[in-house]
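**Q** Here's the letter readout for the chains.
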Amino acid sequence: MEFASPEQRRLETIRSHIDTSPTNDQSSSLFLNATASSASPFFKEDSYSVVLPEKLDTGKWNVYRSKRSPTKLVSRFPDHPEIGTLHDNFVHAVETYAENKYLGTRVRSDGTIGEYSWMTYGEAASERQAIGSGLLFHGVNQGDCVGLYFINRPEWLVVDHACAAYSFVSVPLYDTLGPDAVKFVVNHANLQAIFCVPQTLNILLSFLAEIPSIRLIVVVGGADEHLPSLPRGTGVTIVSYQKLLSQGRSSLHPFSPPKPEDIATICYTSGTTGTPKGVVLTHGNLIANVAGSSVEAEFFPSDVYISYLPLAHIYERANQIMGVYGGVAVGFYQGDVFKLMDDFAVLRPTIFCSVPRLYNRIYDGITSAVKSSGVVKKRLFEIAYNSKKQAIINGRTPSAFWDKLVFNKIKEKLGGRVRFMGSGASPLSPDVMDFLRICFGCSVREGYGMTETSCVISAMDDGDNLSGHVGSPNPACEVKLVDVPEMNYTSDDQPYPRGEICVRGPIIFKGYYKDEEQTREILDGDGWLHTGDIGLWLPGGRLKIIDRKKNIFKLAQGEYIAPEKIENVYTKCRFVSQCFIHGDSFNSSLVAIVSVDPEVMKDWAASEGIKYEHLGQLCNDPRVRKTVLAEMDDLGREAQLRGFEFAKAVTLVPEPFTLENGLLTPTFKIKRPQAKAYFAEAISKMYAEIAASNPIPSKL
Amino acid sequence: MPVFKAPFNGYSVKFSPFYESRLAVATAQNFGILGNGRIHVLELAPGAPGVTESVSYDTADAVYDVCWSESHDSVLIAAIGDGSVKIYDTALPPPSNPIRSFQEHAREVQSVDYNPTRRDSFLTSSWDDTVKLWAMDRPASVRTFKEHAYCVYQAVWNPKHGDVFASASGDCTLRIWDVREPGSTMIIPAHDFEILSCDWNKYDDCILATSSVDKTVKVWDVRSYRVPLAVLNGHGYAVRKVKFSPHRRSLIASCSYDMSVCLWDYMVEDALVGRYDHHTEFAVGIDMSVLVEGLMASTGWDELVYVWQQGMDPRAS
Numbered sequence: 002m003e004f005a006s007p008e009q010r011r012l013e014t015i016r017s018h019i020d021t022s023p024t025n026d027q028s029s030s031l032f033l034n035a036t037a038s039s040a041s042p043f044f045k046e047d048s049y050s051v052v053l054p055e056k057l058d059t060g061k062w063n064v065y066r067s068k069r070s071p072t073k074l075v076s077r078f079p080d081h082p083e084i085g086t087l088h089d090n091f092v093h094a095v096e097t098y099a100e101n102k103y104l105g106t107r108v109r110s111d112g113t114i115g116e117y118s119w120m121t122y123g124e125a126a127s128e129r130q131a132i133g134s135g136l137l138f139h140g141v142n143q144g145d146c147v148g149l150y151f152i153n154r155p156e157w158l159v160v161d162h163a164c165a166a167y168s169f170v171s172v173p174l175y176d177t178l179g180p181d182a183v184k185f186v187v188n189h190a191n192l193q194a195i196f197c198v199p200q201t202l203n204i205l206l207s208f209l210a211e212i213p214s215i216r217l218i219v220v221v222g223g224a225d226e227h228l229p230s231l232p233r234g235t236g237v238t239i240v241s242y243q244k245l246l247s248q249g250r251s252s253l254h255p256f257s258p259p260k261p262e263d264i265a266t267i268c269y270t271s272g273t274t275g276t277p278k279g280v281v282l283t284h285g286n287l288i289a290n291v292a293g294s295s296v297e298a299e300f301f302p303s304d305v306y307i308s309y310l311p312l313a314h315i316y317e318r319a320n321q322i323m324g325v326y327g328g329v330a331v332g333f334y335q336g337d338v339f340k341l342m343d344d345f346a347v348l349r350p351t352i353f354c355s356v357p358r359l360y361n362r363i364y365d366g367i368t369s370a371v372k373s374s375g376v377v378k379k380r381l382f383e384i385a386y387n388s389k390k391q392a393i394i395n396g397r398t399p400s401a402f403w404d405k406l407v408f409n410k411i412k413e414k415l416g417g418r419v420r421f422m423g424s425g426a427s428p429l430s431p432d433v434m435d436f437l438r439i440c441f442g443c444s445v446r447e448g449y450g451m452t453e454t455s456c457v458i459s460a461m462d463d464g465d466n467l468s469g470h471v472g473s474p475n476p477a478c479e480v481k482l483v484d485v486p487e488m489n490y491t492s493d494d495q496p497y498p499r500g501e502i503c504v505r506g507p508i509i510f511k512g513y514y515k516d517e518e519q520t521r522e523i524l525d526g527d528g529w530l531h532t533g534d535i536g537l538w539l540p541g542g543r544l545k546i547i548d549r550k551k552n553i554f555k556l557a558q559g560e561y562i563a564p565e566k567i568e569n570v571y572t573k574c575r576f577v578s579q580c581f582i583h584g585d586s587f588n589s590s591l592v593a594i595v596s597v598d599p600e601v602m603k604d605w606a607a608s609e610g611i612k613y614e615h616l617g618q619l620c621n622d623p624r625v626r627k628t629v630l631a632e633m634d635d636l637g638r639e640a641q642l643r644g645f646e647f648a649k650a651v652t653l654v655p656e657p658f659t660l661e662n663g664l665l666t667p668t669f670k671i672k673r674p675q676a677k678a679y680f681a682e683a684i685s686k687m688y689a690e691i692a693a694s695n696p697i698p699s700k701l
Numbered sequence: 005m006p007v008f009k010a011p012f013n014g015y016s017v018k019f020s021p022f023y024e025s026r027l028a029v030a031t032a033q034n035f036g037i038l039g040n041g042r043i044h045v046l047e048l049a050p051g052a053p054g055v056t057e058s059v060s061y062d063t064a065d066a067v068y069d070v071c072w073s074e075s076h077d078s079v080l081i082a083a084i085g086d087g088s089v090k091i092y093d094t095a096l097p098p099p100s101n102p103i104r105s106f107q108e109h110a111r112e113v114q115s116v117d118y119n120p121t122r123r124d125s126f127l128t129s130s131w132d133d134t135v136k137l138w139a140m141d142r143p144a145s146v147r148t149f150k151e152h153a154y155c156v157y158q159a160v161w162n163p164k165h166g167d168v169f170a171s172a173s174g175d176c177t178l179r180i181w182d183v184r185e186p187g188s189t190m191i192i193p194a195h196d197f198e199i200l201s202c203d204w205n206k207y208d209d210c211i212l213a214t215s216s217v218d219k220t221v222k223v224w225d226v227r228s229y230r231v232p233l234a235v236l237n238g239h240g241y242a243v244r245k246v247k248f249s250p251h252r253r254s255l256i257a258s259c260s261y262d263m264s265v266c267l268w269d270y271m272v273e274d275a276l277v278g279r280y281d282h283h284t285e286f287a288v289g290i291d292m293s294v295l296v297e298g299l300m301a302s303t304g305w306d307e308l309v310y311v312w313q314q315g316m317d318p319r320a321s
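Here the protein sequences come in this chain order: A and B. Counting with the numbering used here, you get residues 2 to 701 for the letters of the first sequence. Counting with the numbering used here, you get residues 5 to 321 for the letters of the second sequence.
What the hints contain is simulated information worked out from the structure, not anything from laboratory work. One or more hints might be untrue.
[As the list claims (entries may be wrong)] Capping the alpha-carbon separation at 30 Å, the derived lysine-lysine pairs in DSS-like fashion look like this:
#: 1; chain 1: A; residue 1: K244; chain 2: A; residue 2: K184
#: 2; chain 1: A; residue 1: K378; chain 2: B; residue 2: K206
#: 3; chain 1: A; residue 1: K573; chain 2: A; residue 2: K515
#: 4; chain 1: A; residue 1: K686; chain 2: A; residue 2: K612
#: 5; chain 1: A; residue 1: K555; chain 2: A; residue 2: K573
#: 6; chain 1: B; residue 1: K9; chain 2: A; residue 2: K410
#: 7; chain 1: A; residue 1: K677; chain 2: A; residue 2: K566
#: 8; chain 1: A; residue 1: K412; chain 2: B; residue 2: K206
#: 9; chain 1: A; residue 1: K412; chain 2: A; residue 2: K340
#: 10; chain 1: B; residue 1: K9; chain 2: A; residue 2: K379
#: 11; chain 1: A; residue 1: K414; chain 2: A; residue 2: K390
#: 12; chain 1: A; residue 1: K405; chain 2: B; residue 2: K206
#: 13; chain 1: A; residue 1: K573; chain 2: A; residue 2: K545
#: 14; chain 1: A; residue 1: K603; chain 2: A; residue 2: K550
#: 15; chain 1: B; residue 1: K150; chain 2: B; residue 2: K206
#: 16; chain 1: A; residue 1: K372; chain 2: B; residue 2: K9
#: 17; chain 1: A; residue 1: K550; chain 2: A; residue 2: K672
#: 18; chain 1: A; residue 1: K566; chain 2: A; residue 2: K550
#: 19; chain 1: A; residue 1: K414; chain 2: B; residue 2: K9
#: 20; chain 1: A; residue 1: K73; chain 2: A; residue 2: K102
#: 21; chain 1: A; residue 1: K340; chain 2: A; residue 2: K555
[Claimed, not checked] Taking beta-carbon pairs under 7 Å as the criterion, some of the chain B residues facing chain A (in silico):
#: 22; residue: F22
#: 23; residue: I37
#: 24; residue: L38
#: 25; residue: C176
#: 26; residue: V235
#: 27; residue: G238
#: 28; residue: A242
On a predicted model such as this, the values are computed, not experimentally measured, just so you know. Virtual Cβ for every residue (Gly too), placed ideally from N, Cα, C.
Based on the sequences and whatever the hints tell you, model everything.
**A** Below you can see the structure in the form of structure tokens.
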């Protein structure tokens, strides 16, 4: 064998000592029965999904299901079909794992940070009975809505379990919500009681008179003597969590378990415009979703989960339900994302579910640490990275040698035990996914879902090493793509069928709370939920998200952008005759392509004494670009655009967008996909400029 | 028991044949993949748990093996990753060292062994697929043995016959040579996977042990080499070095990528008589003292050198 360098030869020689050893694992002699699978009409080789006809009479085969449950959608855990509600799920966990660690926090009662201290499943169970009984004691009735308005900590889950056990409806509120949104949600859901922390209590008290439905405010982490006393006649009681516990303990009530079809929670989503929408989810919805996911990804009592994503988000909520089912120990972060790495080192979790934003930070941190580690270490890293990547691509088991040499030290940064990484909420770039798989040597899987589907619609299957897609349907739902002719997406598209992603099954929500109109817009008569996302089917029945149906997209940090609104602002600028705003979920900022007004440009250049031969040259002049962008910024501020709605770079083009050059519709709207392709080079150049002017942080 | 922490990853450890308290250690930076090397000469403090370094020598590339001269108590020879073989005299001041350097091997030199009976020559084996014979008084190698088809990981002199040696190679063969003959005298396809190490029995000049990537140690009799005398199973990964005891006829020590050091009695049915899990990285170097019965030394990628008495815990101090 010939190698490019001595170090590669040495690495390969030693690696072969370790990897070519005969295996003791006898399982390799077991092969799947190929005949059985090819005999079934459902299965295709190397497929993750099966395709079925939507209606027997029309015979169009366009509905995809997971191959793990092709004939019946999963609605209960296969091993425990008796679990129909969140209450059943928790009771099952308490009976099975009573003595196991469940909820852990490192924040002590005096606010200092230490080792994790744990509450067992059994202890959490008796605490949730006390909390539920305490709520009854204060006159909260079955079916009433109870708000949770604080960040992740053990009490959050105890209260949530209390709601399930006594048939209250839990309504989570992001701790970051402003007063207006909180006021809206409290009134819209007619909340009777709300749990908060001292910080969020002050927000509530600032508009107490405007939320008349509230009868009880419970302060978590506050001492009774420090709680404000309210004037008589307000009808509102403020108690500490501790006091509610003792009140409940002294008047324990038996559970009033919900039925699977009862409402478990109302999750308010921010939406792009207007007021929050309340997504109504039943116990059956949530159990179905988690049961479906559990077919492909199992959690075990030996697992340790780190909870830091907001519990008000369906992604974290669903993970918690899965954790309870598996008897997992859940450790909470100390409340500060910047100290998350410290929490990792102490907790040493085995399961880590996060969002691309954090994975991107980890990626940036490691790559820049490698760059600054010196020539030798950098070279070692590169060799190890490429070798392991090749092994994974070629379907071989990568050498343990590379892990020992390079990657175990990186893995230690997350505590060293992570075996499963999940990513959701926005797309993870394939580069970063490959990087995580190689550096952390664990299963890294991306999922796709939304609150309206109780979380997961599709997720990558175990052992699927292709990145850049969101996997096959959750066994608890079926998925089809519906043609969107106005955007040129059809089922006949080559090479892959495309269309709007529609979902049906036991995971679909009951509707938006008190909003039938919006419910009808998203949920059709046949029970299909229209997601508004455009997808395509990759070979093997794996879904890839490629666009949004409405001209709305998400930036990398998760903010929604309605580009037309921003374009309308910028076209007010004197230099701008037409404007195309571009952004996507791999970048955290917007860029603009501006077709300039030639007359204004000429006059301005003359007044500034700038010489030029033709308009194109003027457009490329950095001074001109800077001036135009500065004026655009002024207009943006005037129109009160939010920070992420500002274009961070601009490219000026002399020619207008027209019907003839294919950039406009007959109604003079910008054809976005075409414009994106047409200006692809300019767009990537602008992002490169932005990246160059904002060096990435060098530390995690 | 004495422990020494080296700045680099350990590759080999050898007891001096002249002083019971002296050892030489071969080490390499970055696991011997890339970077410098260093040779340490260590002294065990009598009756105390300490180890002191009497001298160390830096090299420009990894040091994979080291051996003591059998004729001069202060001389040692090092096998270097850049293909060179260097001779050091610890009696001379550091600037005079190395006293010799031979640049003949085209690739990494993996082992060096001093002739214990003639005491005037030594062998080196290399990843250039050759074994070379050297004499202390010659300016270049005396002879090159080129038959193996892949890296030669170790070449060891027979303890009785000063002209006979064995070589272990990644081509899955063990070869026996007599330097008076033009080619190898015996080829034993000893394992189905790479052979990483071999050693002669000190009491029976016809018996050898080999260790391999196949995780086993095998014991062979050259008079009937069709089947091994014993196959020793117990390591979880490739066995990097194997060594016969100088004091007990049937005792063998081995160390492995599974991070353990094992002791075997190949004559008894339950051959595994001891296992030491003191290393936290690949254990790649092992030796047994000729002068003190039962005294063992090991080193590994955890940068630690342990010296301990058989049957004791290497970590206990």
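**Q** Look at each hint and say if it fits the structure.
**A** Verification of the supplied hints:
1. A:K244 / A:K184: holds, 26 Å
2. A:K378 / B:K206: violated, 43 Å
3. A:K573 / A:K515: Violated: K573 of chain A and K515 of chain A sit about 39 Å apart, past 30 Å.
4. A:K686 / A:K612: Within the cut-off at roughly 25 Å; holds.
5. A:K555 / A:K573: holds, 24 Å
6. B:K9 / A:K410: Holds, at roughly 20 Å.
7. A:K677 / A:K566: holds, 18 Å
8. A:K412 / B:K206: Not satisfied, since the Cα-Cα distance of roughly 46 Å exceeds 30 Å.
9. A:K412 / A:K340: Distance of about 17 Å is within 30 Å: holds.
10. B:K9 / A:K379: holds, 25 Å
11. A:K414 / A:K390: Answer holds: K414 of chain A to K390 of chain A is near 21 Å, not above 30 Å.
12. A:K405 / B:K206: Answer violated: K405 of chain A to K206 of chain B is near 36 Å, above 30 Å.
13. A:K573 / A:K545: Violated, because 37 Å separates the two Cα atoms, which is more than 30 Å.
14. A:K603 / A:K550: Cα-Cα ~39 Å, so violated.
15. B:K150 / B:K206: holds, 27 Å
16. A:K372 / B:K9: holds, 29 Å
17. A:K550 / A:K672: holds, 13 Å
18. A:K566 / A:K550: holds, 16 Å
19. A:K414 / B:K9: holds, 25 Å
20. A:K73 / A:K102: Roughly 35 Å between the alpha carbons, so the hint for K73 of chain A and K102 of chain A is violated.
21. A:K340 / A:K555: holds, 27 Å
22. F22: violated, 33 Å
23. I37: holds, 5 Å
24. L38: Holds: closest Cβ of chain A sits about 4 Å from L38 of chain B, inside 7 Å.
25. C176: Not OK, violated: C176 of chain B not within 7 Å of chain A, min 11 Å.
26. V235: The hint is violated - V235 of chain B has no Cβ within 7 Å of chain A, the shortest such distance being about 13 Å.
27. G238: Violated: closest Cβ of chain A sits about 12 Å from G238 of chain B, beyond 7 Å.
28. A242: holds, 4 Å
Hint compliance for this structure: hints 2, 3, 8, 12, 13, 14, 20, 22, 25, 26, 27 are not met, and every other hint is.
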